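Number of protein chains: 2
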Amino acid sequence: MSFLSAQALVADDLADMERLLLKKVGSDYPPLTEALRGLVQSGGKRVRPTLVLLAARFHPPRERKRLLSLAAAVEALHTATLVHDDVVDGARMRRGRSTLNTRWTPASTIMAGDYLFARAAALAADTQNPRVIQLFANALSVIVDGELRQAFTARDWDQPKDAYYKRIYGKTAALFEVATRATAVLGEASAEAEEALRAYGYHLGMAFQIVDDILDFVADETTLGKPAGSDLRAGIITLPVYYFMQQPERRARLMALAEGDAHAQDAMGEMVRLVRESDAIAQAKAEAEMFAEKAITALEIFPPSPHHQALIDIARYVVAREF
Amino acid sequence: MSFLSAQALVADDLADMERLLLKKVGSDYPPLTEALRGLVQSGGKRVRPTLVLLAARFHPPRERKRLLSLAAAVEALHTATLVHDDVVDGARMRRGRSTLNTRWTPASTIMAGDYLFARAAALAADTQNPRVIQLFANALSVIVDGELRQAFTARDWDQPKDAYYKRIYGKTAALFEVATRATAVLGEASAEAEEALRAYGYHLGMAFQIVDDILDFVADETTLGKPAGSDLRAGIITLPVYYFMQQPERRARLMALAEGDAHAQDAMGEMVRLVRESDAIAQAKAEAEMFAEKAITALEIFPPSPHHQALIDIARYVVAREF
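As you go down the protein sequences, you meet chains A and B in turn. Just so we're aligned: 1309 in our numbering is position 233 of the first sequence, and the numbers increase by one with no gaps anywhere. Just so we're aligned: 1308 in our numbering is position 232 of the second sequence, and the numbers increase by one with no gaps anywhere.
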């Protein structure tokens, strides 16, 4: 079963979420509306709202409108962080398309991201549930904290694995976690069910980001839509690099390249190749698989059902995917 | 009665708000915490939280903690928008101090602003009142919309007055309005009282921004902490410029300078001088006074009281202030 067939279970909800999202990102300034709609339609797989809509099948909230608001809030927040990430990284390509960055001034791009943050906040407020809103607001702090941490720890080669974990929690897992947990809260699930869905989202998000970090090394550039090894090029130490550096002689070789002189024209390319061809990739992959298994285990308190199976399938898909 | 004596009425609440704000902007990453605390402590007059705390005296909310959260949320959001404004404008000075901009990379500055947005959202969520949160989230959209509008309409010399109104509503009045209105909602005020406090905040905010836009021309640079006429230099058309342009021969002179060649070395300085020395300043001032009077009139439904008088005094102060 593929991601698409898991997603098909909630196709109707997803289509309504999409309509709500497009409506909510509209402003009364047409060029802005057009740009924002372009952004939210730029080909994401809607993984996060799909998780919300599937998780909701365990404890359907009384008002469907509020559930759709939550799903749209999660996707709007995700898109907002991508926009600011692209300004921060100076990224020119994402998903094989040029970023807003390349067409707008940095100033306008920052503000477009702010506008999406604002709309995400408004959508979260539309759930009318103070606890959901509070979880959402706290997740936003964790997300931004993760981005800042990434910026401040760039090129710090000897970070403990925990530092990496903390960063990818902020970067990805915090939003996955709030997506499934807030859905449980909205559906007035028991504390036990809330914890199970929170743990599913958290572990899935960790697996997802580790795989993203692996793909940054191993996927081909056409699929990535950006140069391979771009994290390492930007000095961001991900799990494959962490494992690579655990062997002193490999660490020394990488450091020599990192600190090498200008004669070593493609030192970066060589660093990326070294990591890609090492067993550090398999070590990182095994860790992603462990997180995905923990996500699946967290759901064991629920009886079998199509949506339960779909969430299991998504966890398997997340580690098996090649882009 | 000065602003400070009006503020003295709520000195205790304000001190507690300050403590809450400093606590909430802390992160577990010390350099970030230090930078953010520096930002929120960088000498603002706390006009907005003062309005919240004074407005609350009409209908004290049952839980003081929630009121303090609202006041701190408003100030945090205000500070967040300043941080992004400074990146967007490339500003190097604010209130006579160097901006975060000058010490951090744009990327880190964007993220610091995002972090403050996140903390503002968390503080708003702490009010536990869905309507307050919704008002707050919608105000955030209006604020960002105003910033975008300002960017997109720069150097559009023939904007109607309404376009200026819409921009300053986003830039300033929307937050003043939500400050006093959300306070009424939190205190479970009647619809009539909520509308009165909303109208007070709205009109006061409009007056405040018009005066800011006047001061940008007439205040001396030491007081401003930045070059005079910096709005006009950045192509932002404010009310004094609008009035100046209403006379065709003055408009023609300004346009000639704006489109002039590189020989006219200080064309910008000359433009600023022309506007400053014209009666457009007095016309704009009269309009600010009209807005301040409307703010005062909105409060007429309330019986006399020290906090009522303090809000009247603040409205008078806002138009009389010279910085």
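Note that these hints are calculated values from the structure, not bench results. It is possible that part of the hints are untrue.
Pairs count within a copy or across copies, as identical chains cannot be separated in the list.
[Stated by the list, open to error] Listed next, the in silico DSBU-like pairs over lysine-lysine satisfying Cα-Cα at most 35 Å (straight line):
(1) K1141 <-> K1237
(2) K1361 <-> K1100
(3) K1141 <-> K1361
(4) K1121 <-> K1370
(5) K1099 <-> K1237
(6) K1302 <-> K1237
(7) K1237 <-> K1100
(8) K1302 <-> K1141
Fair warning: this is a prediction, and the values are worked out from it, not measured in the lab.
The hints, checked one at a time:
1. K1141 <-> K1237: Close neither inside one copy (41 Å) nor across copies (39 Å); limit 35 Å.
2. K1361 <-> K1100: Close neither inside one copy (38 Å) nor across copies (37 Å); limit 35 Å.
3. K1141 <-> K1361: Neither, since 38 Å and 47 Å both go past 35 Å.
4. K1121 <-> K1370: Close inside one copy (23 Å), not across copies (51 Å); limit 35 Å.
5. K1099 <-> K1237: Close across copies (29 Å), not inside one copy (42 Å); limit 35 Å.
6. K1302 <-> K1237: within (26 Å within a copy, 46 Å between copies)
7. K1237 <-> K1100: between (39 Å within a copy, 28 Å between copies)
8. K1302 <-> K1141: The answer is neither: 37 Å in one copy and 48 Å across copies each exceed 35 Å.
When the structure is compared with the earlier hints, violations turn up for hints 1, 2, 3 and 8 and for no others.
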